[in-house]
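Chain by chain, the residues run as shown.
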Amino acid sequence: MRNVSERLIEALLLGAAAVSVLTTVGIVYVLVSESIHFFQQVSIVDFLTDTQWTPLFDDAHFGIMVLVSGTVVSSVVALAVAVPMGTIIAIYLSEFANSKVREIAKPILELLGGIPTIVFGYFALLVVTPILQVIFPELPGFSLLSAGLVMGIMIVPYIASLSEDAMRAVPMSLREGAYAMGSTRLYTALHVVVPAAFSGLAASYILAISRAVGETMILAVAAGMQPNLTWNPMEPAATITSYIVQVALGDLPHGSIGYLTIFAAGLTLLLITLVFNILGQWLRAKFRENY
Amino acid sequence: MQPLTNEQIRAVIARGKLKDTIFKGLGLFCLSIALLVIVALIADMVIKGSERFTLDFFLNFASRRATQAGILSAWVGSLLVMLVTALAAVPLGVAAGLYLEEYAKRNWLTHVIEVNISNLAAVPSIVYGLLALGIFVYQFGFGQSILSAGLTLALLILPIIIVATREAIRAIPAMIREGSMAVGATRWQTCRYHIIPYAMPGILTGVIIGLARAIGETAPIITIGALTFIAFLPPVPFTGEPPAGLFDWVMSPFTVMPIQIFNWTSRPDPAFEVNAAAAGFVLMFMVLSMNAVAIWLRYKMRKNIKW
Chain A
0 MRNVSERLIE ALLLGAAAVS VLTTVGIVYV LVSESIHFFQ QVSIVDFLTD
50 TQWTPLFDDA HFGIMVLVSG TVVSSVVALA VAVPMGTIIA IYLSEFANSK
100 VREIAKPILE LLGGIPTIVF GYFALLVVTP ILQVIFPELP GFSLLSAGLV
150 MGIMIVPYIA SLSEDAMRAV PMSLREGAYA MGSTRLYTAL HVVVPAAFSG
200 LAASYILAIS RAVGETMILA VAAGMQPNLT WNPMEPAATI TSYIVQVALG
250 DLPHGSIGYL TIFAAGLTLL LITLVFNILG QWLRAKFREN Y
Chain B
0 MQPLTNEQIR AVIARGKLKD TIFKGLGLFC LSIALLVIVA LIADMVIKGS
50 ERFTLDFFLN FASRRATQAG ILSAWVGSLL VMLVTALAAV PLGVAAGLYL
100 EEYAKRNWLT HVIEVNISNL AAVPSIVYGL LALGIFVYQF GFGQSILSAG
150 LTLALLILPI IIVATREAIR AIPAMIREGS MAVGATRWQT CRYHIIPYAM
200 PGILTGVIIG LARAIGETAP IITIGALTFI AFLPPVPFTG EPPAGLFDWV
250 MSPFTVMPIQ IFNWTSRPDP AFEVNAAAAG FVLMFMVLSM NAVAIWLRYK
300 MRKNIKW
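Order-wise, the sequence lines are chains A and B.
Under numbering that gives the first Met the number 0, the first residue of the first sequence is numbered 0, with each subsequent residue one higher.
Under numbering that gives the first Met the number 0, the first residue of the second sequence is numbered 0, with each subsequent residue one higher.
Just so you know, the hints here were simulated from the structure itself, not pulled from any lab data.
Ideal placement from N, C-alpha and C gives every residue a C-beta, glycine not left out.
Careful, some of the hints might be misleading.
Stated by the list, open to error - Here are some of the chain A residues that sit facing chain B, going by a computed Cβ distance under 7 Å:
hint	residue
1	L12
2	G25
3	F95
4	P115
5	Y121
6	T183
Whole structure, please, built from the sequences with the hints as guidance.
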């Protein structure tokens, strides 16, 4: 009796753990099956090469590059802010700051990471854009620049905390060796600690790219939602994610071509983030230093 | 090579120290930008939204007129969605964490589950929305309801709860298990009476952080097709005509705080900016107070437990 109930409980717990696997299976199943319906009506060559994205017009075009360009530009702007800022904060906290500064800085970063993205979207549209318009008078009300900058600030805590963890894991003896030879703190940080923690830093940058590519609400609010094939951050443009939001806000019938486009867009998004995740795991495995 | 003179050595040292100082300044500068953003964000919302911090704002439905619009359906919706999310995610997450730490053998299945959980944490939240749109809304026929939204967010925060549970369990020393087993307890009795109670503060911290993340999520809920204009509340159990059952509210259409903010932010009429600011502050307050409780719990836990 006792054995039976023990077995039963173990099976139930295994079932709970399997839900996460089912989630992955569900995601792949939904995206792939709906995308197959989509690609029965649109050729994959057009999807990848067309330079227009007008799925809801009579003259429908399905060029995903239009949405990808918006995603790439906003992510590049975000990373241009987040990578230097996050890395500097991480080096500062791990190599320079005393415990008092760290005790204040850590909750601030946690706070910043916990702010809902819709609030960041509000901030980008109604606070940052007007400030930027003072500097660049020709900046339109919606722009990839303003959304990207705020997105960068949002990502700083992820890079800072992961990179700091990686650098603090570097053994003290390495630093002491460098100090003993007369290195300054900064020289030790840049030439001993950073190279030793390289795999962790790279992993944090990759995670940041995934975040930027998948971020939705800041772009939906502040970057405008018109599809626009552009590499100029001063323009408004839709991204893969904000396009999905735009369609979901409307009332498209289940199974229509417009409904199917969001699954094709979602599959593209998932594949992009998957590539970066695999790259991140590969980097971590390849450059891992063991002490 | 000429040996350096004392002056030259001093100059080298001074240059090195100067660079250190400059970098320290740079680090503090970057940190202060982070702080500045938080302060500017909160200050802007408080100043702009201050005229809406009235009881009416919390008790009115959405409206075409900005001054009469309120967040009643939004905060009730957020609360009910969180209830469904917690009821689904907590048992599943804790059970999964318990299995992986206390039961799982080191085999390929465990490996698959572990890799899978860490990968799921990196999937963009809007993809969960697409999953829910395909599975919950259409395949299961839950429609655009509180149930669909709650389950979607539950899947989204499941990795957070699992990881927190595992870390809390891993911190419990082996002697606790050995002591329990030595007096004849089964594995489940050990978990039920020792592991889960001791891991509780850590689990709770993870649950609160997960829910704080879920309450601010917008994208997946928009994707399943939540409405932006709701001027009624879900049916209260056993009331109305005909009387609602105990669980009728889970199938009700709904809106949540982030969607209400999104709706007001994207209106051209600047009068709605005020509403967006006020609602944004309320949402920030909810999220930050949940995080504060989690940080406090973690602090208490570190102080109290001594093995």
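Taking the earlier hints as the rules, which of them does this structure contradict? Of the numbered hints given earlier, the structure breaks none, since each of them holds.
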